[in-house]
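Chemist: Given next are the chains, with one letter for each unit.
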Amino acid sequence: MSADIKLEQAKMTNSNDNPTASTRASEDGNRALHYEENLLWEKERSDTPGVDLPTPTGIALRTGSEPRGDIGLPQVSEPQALRHFVRMSTWNYSIDHGFFPLGSCTMKHNPRINEKVARIPGFAHLHPMQPESTTQGALALMYDLQHWLAELTNLPGVCLAPAAGAHGELAGMMTIRRAHELNGNKHKTVILIPDSAHGTNPATAITCGFTVRNIPTGGTGRVTVDAFKQALYAVSEDGAEVAGMMVTNPNTCGLFETDILEISELLHDAGGYFYCDGANFNALVGKIRPGDFGVDVMHINLHKTFSTPHGGGGPGSGPICVTEELAQYMPVPTVIKDGEKYKLEWEEDRPDTLGRLKGFQGQFGMHVRALSYMLSHGADGLKRVSEDAVLNANYILRSLESDFNAPYADQGPCMHEALLTDKHQKANGVQTLDIAKALIERGYHPMTVYFPMVLPGTMLIEPTETESKDSMDRFISVMKEIAEDSANLDNAEEHFHSFPHSSPRRRLDEVKAARNPQLRWK
Amino acid sequence: MRYLPQTQKSRDEMLEAVGAKSIDDLYVDVPAQAFIDGKADLPDHKGEMEVERIMHSYANQNHAASAGPFFLGAGAYFHHIPASVDYIIQRSEFLTAYTPYQPEIAQGTLQMIFEFQTFVAQITGMEIANASLYDGATSATEAALMAMRITKRRKIAIGNAIHPDYEAVLRAYMSNFDDIEVVDGDPADDTACVIIQSPDFYGQPHKYEALRKQCDDTGALLIVVVTEILSLGLLPAPVEADIVCGEAQSIGVALSYGGPHLGFFACKEKFVRQMPGRLCGITEDADGKRGFVLTLNTREQHIRRDKATSNICTNQGLCALAFTVHMSLLGEDGFKQLARINHEAACKTADALNAIDGVTLVSETFFNEFTITLSKPANDIVEALAAKGIIAGYAPKSSKGGQGDENKLIVCATEITQDSDIEALAEGLKEAL
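Keeping their order, the protein sequence lines are chains A and B.
Each residue of the first sequence is one higher than the last, beginning at 15 in my numbering.
Each residue of the second sequence is one higher than the last, beginning at 28 in my numbering.
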């Protein structure tokens, strides 16, 4: 075969006129680095498992029953197992891939030193019920983490036990409930919550036995003193039934609550406590202390502000910080220092506590990672975290305010996240969901969509401090291109509805999944 | 400040672009009194080497389970974790991903959750399982809350010796409502559920036929709590239960001084719309290819707000991944074999200790954990042996019904336990008693 003929054949194979060649994939759907991977149960059962264990001696069982029969578990060798999960991992987007501007989630860089130190055997192989004489290092670490959190919030009581943000909310709200109960204020049962709040806030208040009263935020994106007073005095003239409020500050519209001092004073005068949702603490850390703007209780998401990895949905960790007055009521345990010794403080040491909300001492592995991050940044670095996070969000807001509706842009600077909506694009049939899927097609994880719910089609963008200007400039130009396409393309609606094309899966039918739920392999 | 990519030049350019003279112009809405004067009263930043040194200095003051003979269980178990597990969970694509809200670019996490749910359902003998909860204690509490939603009753019965942490968490959650009652004993006509742990806190496995009948007679739900999920590789599945929940830390998750661990939650399919936590289900994409999504979201707080089934938002994603990888390596044969080795190690340990003067084996049946009675207060013995580098077990603080547990010791052995460890414990006990 001559060289010319080979070249001709190669051209034909690559030609777009030949669809079978241009879309050629293996029988199981694999192409280049794109792999399909079936479920473990769909694989051929291996004779031997992926572990080599000692052979049991076969002594008589002392369990009181016959050994378990066939469970139906799959069985694969070690290389098959590894390949299975590595292939699946390639279908995930992660922070290490690129920009992850998920508002209210603080998807910042996760330093690997945190992972390394959490695996030191003195931490990883430590049992929660060992005698305290053998765990002094762990207790010292928790004590020091409590100190860092107390300093950064100016709220001196710290309980590290809660397992996640929503669990921290529960711990904080139960602390408030306990305080009212022991102070003869059981009639205080109402919690005020702005309509811009995270869904966990009202869900938590209900879980604690409170009822929820809404504060409308109206057109400014903020809780105004007037709206707050109307909610506070809606039923009684002194707000006697109000137990407290749950406010996220900065709020979910990306704004600092300008009137927070006056609002917290009114609340305190009515005998209520101010619970601050700490989801947005990254805007403040190292620079502004919530204890200095009226907060009584706050949870901190170590997996947001303090860089412990999100892990595809957990584990998180949600310590709470409270005022000196409320410290006696918060959950146990906390670590105290008794002379030279560290010890866990339990119910018998702190009788007014609401009790325990988590098995053992909390998510200690996350405590190690968070302290490692704090030590790395230090007081000087953490202040920079807040400043860069806020600067980055403002840069995105100002760069995109002429391309997208930016409902609160005229109110001044935002904090660490920028809020846009799809108002302009919707006129041409392109909605927030389409914009999100178009971002996926262009290699980005979308921002938070349809939250907060105070306006239709919201897009909440949180760049975090670990994004460079260059990275944001590229994102901004992609967003501008999306805005342009949605305005100029004749078939914009159809064009955008088709996204994404190149991801491991295209748009998934969520209605079908919910109609006839299949939640396990059968 | 190695985590901050902005240069001074880019900061200046961006400040100019947003029309601010200084960074503090962006904080105009914050009241002056809330600013830290200068910077926080904490040390300044440190390099990686120094941080590592400090963290080691904390760790060096701890006695790791791997540092000597170790016989402590009581709800958290020291097992070997294959190297592949820790490798997979440190892959960026799993470690630094978010909750799979954008399923097109989160199929790795979603398929893993679907496999996790299948593993948990099969192991527990239940029809369905969720994507995991914080830990065993909170999963038991969520089970009780779910039973109250289903039965519309407000009384919870605790049927046997459940883990004291689990009971404490349950009681704390329920204290939010004056009309909820938590009692010990059998189910009655007004009971929402009876909670029974197997093996119980002292190591005793339980059978459920009689309790199932009592539940059928009274309309209460049967909740079975399992703190050592590996036990289900040898014990029969609690198929009589309505809900099986507890702790799955034993498979793939490190002790880490108590967390993060891995709460699991499985139940009958008819209760699916009352379940707490995330659920992953099968669907198709626009091209008709099989894919996975989070489903039945209308139970959850971000949609239902104050009417949600639970305020829970996250699961224990990465711990669920560790479990799923470890289970895939174990397979049917490995899972059962590992369970049997654990049981044999416990039998051997129990016999060795029972032969000592001043030690009596209390448990007749057990899995990998059993209870002995000592001739002296167990807590003193535990402290004395700890001083010699032997972690002997757990000395319960108190027992139900007023009967003192002072001299009881709960001892656990696993595949890690060596003959030399058993000898060391036996020798230590002989000297201390």
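It cannot be assumed that every hint is accurate.
[Said to hold, decoys possible] Each pair of labels, with its calculated beta carbon distance range: (1) Ile73/A <-> Glu154/B: 52 to 58 Å; (2) Trp360/A <-> Asp39/B: 36 to 42 Å; (3) Val266/B <-> Asp499/A: 27 to 33 Å; (4) Val249/A <-> Ser93/B: 57 to 63 Å; (5) Glu50/A <-> Arg300/B: 28 to 34 Å.
Read the hints as simulated data drawn from the structure, not as lab findings.
Where is the CB? At the ideal position from N, CA and C, for every residue including glycine.
Chemist: So, for every hint listed, does it hold in this structure?
Modeler: Evaluation of the provided hints:
Between Ile73/A and Glu154/B, the C-beta spacing of about 35 Å breaks the proposed range 52 to 58 Å. Restraint check, Trp360/A to Asp39/B: a C-beta distance of roughly 53 Å breaks the suggested window 36 to 42 Å. The given range of 27 to 33 Å is broken by Val266/B and Asp499/A, whose C-beta atoms sit roughly 56 Å from each other. Take Val249/A and Ser93/B: their Cβ atoms lie about 60 Å apart, and the range 57 to 63 Å holds.
At about 32 Å, the beta-carbon gap between Glu50/A and Arg300/B stays in the expected band of 28 to 34 Å.
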